[in-house]
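Visitor: Below are the chains, spelled out letter by letter.
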Amino acid sequence: MPDAPTPRTRFAWRSFFDRSESAVFVFGGDRRLRYANPAWERATGLSFAKFRGTRVAANRRSLSPIAPPPEVWAGNDARVRRAAPDSVSGPPWWDITFVPLLGAGERRVLGVVGLLTVVGPSRTLPRVKVPATVGATRATHAARYTFDLLAGLSSVSERLASQARAAAACEVSVWVHGEPGAGKETVARVIHHNSPRRERAFVGLPCGGLQPYILEGMLFGKGGLAGTPVVGTLYLNRPEELPRPLQDRILGWCESAFGPRLMCGSTTTAEELVKGGRLAPTFYTRHAPLDIRVPSLRERPDDLPLIVSRLLPGVAEPEAIAALRGYHWPGNWRELLDVLAAAGGQPLRKDHLPRVIRERLLVGHTPAPAKPQPKLDEVLETVERRMITAALAKTGGRLADAAELLGVWRARLSRRIAALGLGGEPPPEGEA
Amino acid sequence: MRHPHVVLCAFDDWLAAQLREMVAERRWVLKEFRQPAAWLDAASHRQPCVAILQADFTDAAANPLGLVADLHARNADAAVVVVSDVKLNDDDRPPWAAAAADVGARLVLFPPLTRPVLEDAVSGLMGVAAGDTAPRPESAIDLAAGEFEDGE
Numbered sequence: 158m159p160d161a162p163t164p165r166t167r168f169a170w171r172s173f174f175d176r177s178e179s180a181v182f183v184f185g186g187d188r189r190l191r192y193a194n195p196a197w198e199r200a201t202g203l204s205f206a207k208f209r210g211t212r213v214a215a216n217r218r219s220l221s222p223i224a225p226p227p228e229v230w231a232g233n234d235a236r237v238r239r240a241a242p243d244s245v246s247g248p249p250w251w252d253i254t255f256v257p258l259l260g261a262g263e264r265r266v267l268g269v270v271g272l273l274t275v276v277g278p279s280r281t282l283p284r285v286k287v288p289a290t291v292g293a294t295r296a297t298h299a300a301r302y303t304f305d306l307l308a309g310l311s312s313v314s315e316r317l318a319s320q321a322r323a324a325a326a327c328e329v330s331v332w333v334h335g336e337p338g339a340g341k342e343t344v345a346r347v348i349h350h351n352s353p354r355r356e357r358a359f360v361g362l363p364c365g366g367l368q369p370y371i372l373e374g375m376l377f378g379k380g381g382l383a384g385t386p387v388v389g390t391l392y393l394n395r396p397e398e399l400p401r402p403l404q405d406r407i408l409g410w411c412e413s414a415f416g417p418r419l420m421c422g423s424t425t426t427a428e429e430l431v432k433g434g435r436l437a438p439t440f441y442t443r444h445a446p447l448d449i450r451v452p453s454l455r456e457r458p459d460d461l462p463l464i465v466s467r468l469l470p471g472v473a474e475p476e477a478i479a480a481l482r483g484y485h486w487p488g489n490w491r492e493l494l495d496v497l498a499a500a501g502g503q504p505l506r507k508d509h510l511p512r513v514i515r516e517r518l519l520v521g522h523t524p525a526p527a528k529p530q531p532k533l534d535e536v537l538e539t540v541e542r543r544m545i546t547a548a549l550a551k552t553g554g555r556l557a558d559a560a561e562l563l564g565v566w567r568a569r570l571s572r573r574i575a576a577l578g579l580g581g582e583p584p585p586e587g588e589a
Numbered sequence: 012m013r014h015p016h017v018v019l020c021a022f023d024d025w026l027a028a029q030l031r032e033m034v035a036e037r038r039w040v041l042k043e044f045r046q047p048a049a050w051l052d053a054a055s056h057r058q059p060c061v062a063i064l065q066a067d068f069t070d071a072a073a074n075p076l077g078l079v080a081d082l083h084a085r086n087a088d089a090a091v092v093v094v095s096d097v098k099l100n101d102d103d104r105p106p107w108a109a110a111a112a113d114v115g116a117r118l119v120l121f122p123p124l125t126r127p128v129l130e131d132a133v134s135g136l137m138g139v140a141a142g143d144t145a146p147r148p149e150s151a152i153d154l155a156a157g158e159f160e161d162g163e
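Chains as they are written, first to last, in the working numbering: chain Z, 158 to 589; chain U, 12 to 163.
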């Protein structure tokens with residue numbers, strides 16, 4: 158005869174836990190959520206009714222933060238600290254104590270009881286709005302970027318300034334190319350700060366140096382720039398360095414309703430990069446309608462006195478200016494600024510200059526005279542001569558074939574050969 | 012003085028501790044400041060430089076973005092990283108990050124910060140500043156290269 162059941166005192170355990178301010182939850186041995194009290198609901202923001210009976214798994218995002226670690230299912234206690242789901246890595250954190258309920262005389266886990274405590278500040282952070290003083294700082298900074306920064310005495314500078322004016326008057330995308338250190342980002346900033354989008358921000362990203370995950374996080378991550386219409390112009394320095402998926406994602410953002418104006422800077426044109434397979438074709442077909450070439454410093458030696466007078470006080474020594482004009486400036490503006498920094502804010506003298514530049518002056522170096530402008534007739538004649546010579550070489554000297562290749566009558570080709578003095582007397586009709 | 016410099020202005024030693032090992036490995040120079048004015052002077056020198064500024068955006072008197080703007084005016088080639096000392100709401104981050112970028116910051120980082128992120132950011136920006144960006148593996152197939160060339 159079996160033993161009589163031990164009389165038990167009835168205990169309202171559910172009511173007991175429901176009234177508790179401690180967040181308690183219970184998983185059954187089948188790893189399904191069996192119980193959670195109202196305090197747990199308040200702490201986690203989850204509804205027990207919704208998740209009752211749900212099996213916990215690491216890949217189930219909703220319950221994974223309260224999933225017991227493997228050692229608990231092996232029968233051991235555990236205490237873990239996890240970031241609350243909204244905070245990525247905390248604070249706040251959740252401190253959870255897991256206690257396995259073991260069957261009598263066996264290591265089988267009948268269930269797991271969890272006790273959850275929220276640690277750290279409240280999830281609701283106070284608002285920190287950008288104050289008006291920052292607006293004033295931005296305005297002062299933007300005021301530096303006028304078209305005068307680009308203007309100069311040389312024709313290439315004038316062309317650059319007029320192109321920048323045209324770009325500032327509209328809102329289409331711009332592709333800026335030029336040698337390293339030529340001032341591509343400065344051109345982009347001048348355009349932005351004088352454009353209708355100047356109230357919004359200019360964001361310049363060095364695509365060549367930063368890891369793509371950092372750029373992606375800054376733009377599209379939690380609290381990223383792409384989530385709000387605060388960016389007026391996005392300047393990508395060397396966009397060809399970005400992985401293609403990120404290129405496409407940025408293009409999608411720029412083409413959205415509140416997307417920024419796209420400007421790109423590189424050492425070459427968008428067309429060449431697309432041909433080379435390094436850039437998404439959309440960059441060229443839709444985002445490079447304005448292509449601005451920034452001239453190198455050696456193309457604008459006439460501007461050097463003006464540039465020096467802008468950057469340094471007083472009057473520079475004529476010999477120093479002559480030495481600057483004679484140098485070839487492989488590092489462009491960046492190198493010039495390095496050189497002028499040696500003057501320490503004083504009027505430029507030749508002894509401020511590094512030896513490599515001074516030597517140009519000592520050996521009496523003068524800049525190479527500008528090449529005379531070729532005449533149109535000379536150019537056309539040279540081209541004609543080369544094309545006829547090439548056609549004759551390709552056809553083995555047969556006039557009829559060469560004329561067909563060049564798309565002219567044979568008689569005209571004969572006349573031009575004679576006029577240009579190519580190959581002596583033309584062969585008689587019918588022999589070619 | 013063309014040696015790469017990491018110029019840091021922080022409230023405590025935590026940021027410097029995260030970067031010290033990487034800076035030593037690469038034989039760069041790490042200069043640590045507590046005073047913003049000293050940081051500004053050091054970062055204004057013409058040299059490959061990553062200038063890191065720890066900022067408390069809730070402190071209106073500090074005006075960290077004014078410092079960034081000053082540095083950009085003095086030395087536009089210095090890569091400025093603003094590291095927020097306070098955690099901001101998701102709604103507040105974009106305006107601050109955009110304002111910092113507008114006055115010349117290259118990157119704005121918010122908590123939580125991890126050492127790998129800091130190291131990647133600083134090493135990448137220093138590569139740009141020093142003009143030796145390491146090529147990354149191509150993510151796209153170059154159809155114009157080799158056997159894919161037209162006419163081959």
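The hints are simulated quantities; they were obtained by calculation from the structure and are not laboratory data. Errors might be hidden in some of the hints.
[What the hints assert, rightly or not] Taking CB as the label site, the calculated pair distances span: (1) U:ASP24 / Z:ALA308: 41 to 51 Å; (2) U:ARG13 / Z:ALA293: 47 to 57 Å; (3) Z:PRO504 / U:ASP52: 18 to 28 Å; (4) Z:PRO438 / U:GLU130: 30 to 40 Å; (5) Z:ARG443 / U:GLU36: 38 to 48 Å; (6) U:THR69 / Z:PHE415: 43 to 53 Å; (7) Z:ARG301 / U:ARG37: 45 to 55 Å.
[What the hints assert, rightly or not] For the chain U half of the interface with chain Z, some residues (derived, Cβ under 10 Å), not all of them: (8) GLN46; (9) ALA49; (10) LEU51; (11) HIS83; (12) ALA87; (13) LEU99; (14) ALA111.
[To be verified] Simulated pairs of lysine-lysine, DSSO-like, Cα-Cα distance not exceeding 27 Å: (15) Z:LYS432 / Z:LYS286; (16) Z:LYS286 / U:LYS42; (17) U:LYS98 / U:LYS42; (18) Z:LYS379 / U:LYS42.
Glycine is no exception: its CB is placed at the ideal position from the N, C-alpha and C atoms.
Visitor: Using the C-beta atoms of U:THR69 and Z:PHE415, is the stated range 43 to 53 Å upheld?
Guide: With a Cβ separation near 28 Å, U:THR69 and Z:PHE415 fall outside 43 to 53 Å, so the hint is violated.
Visitor: A range of 45 to 55 Å was offered for this pair. Does it hold for the Cβ distance of Z:ARG301 and U:ARG37?
Guide: Once the Cβ atoms are compared, 33 Å apart, the range 45 to 55 Å for U:ARG37 and Z:ARG301 is violated.
Visitor: Using the beta carbons of U:ASP24 and Z:ALA308, state whether their distance is inside 41 to 51 Å or not.
Guide: 48 Å, holds
Visitor: When the nearest CB of chain Z is found for U:GLN46, is that gap smaller than 10 Å?
Guide: Status violated, d = 20 Å.
Visitor: At the C-beta level, are Z:PRO438 and U:GLU130 separated by a distance inside 30 to 40 Å?
Guide: Check passed, 35 Å falls within 30 to 40 Å.
Visitor: Would you settle whether the hint for U:LEU99 is holds or violated, based on the nearest Cβ-Cβ distance to chain Z being less than 10 Å?
Guide: Since chain Z brings a Cβ to about 5 Å from U:LEU99, closer than 10 Å, the hint holds.
Visitor: Mind checking the CB of U:LEU51 against every CB in chain Z and telling me if the closest is under 10 Å?
Guide: Interface hint status for U:LEU51: violated (14 Å vs cutoff 10 Å).
Visitor: Go ahead and decide if the range 18 to 28 Å is satisfied by the Cβ distance of Z:PRO504 to U:ASP52.
Guide: 23 Å, holds
Visitor: Is the hinted pair Z:LYS286 and U:LYS42 satisfied, with a Cα-Cα distance of at most 27 Å?
Guide: 31 Å, violated
Visitor: Taking 38 to 48 Å as the hint, is the beta-carbon distance of Z:ARG443 and U:GLU36 inside that range?
Guide: Roughly 43 Å apart at Cβ, these two residues keep to the hinted range, so it holds.
Visitor: Double-check U:ALA87 for me: the hint is only fine if its C-beta lies closer than 10 Å to a C-beta in chain Z.
Guide: At about 7 Å, which falls below the 10 Å cut-off, the nearest Cβ of chain Z leaves the hint on U:ALA87 intact, so it holds.
Visitor: Is the Cα-Cα distance between U:LYS98 and U:LYS42 27 Å or less?
Guide: 26 Å, holds
Consistency note: the structure conflicts with the earlier hints numbered 2, 6, 7, 8, 9, 10, 15, 16, 18.
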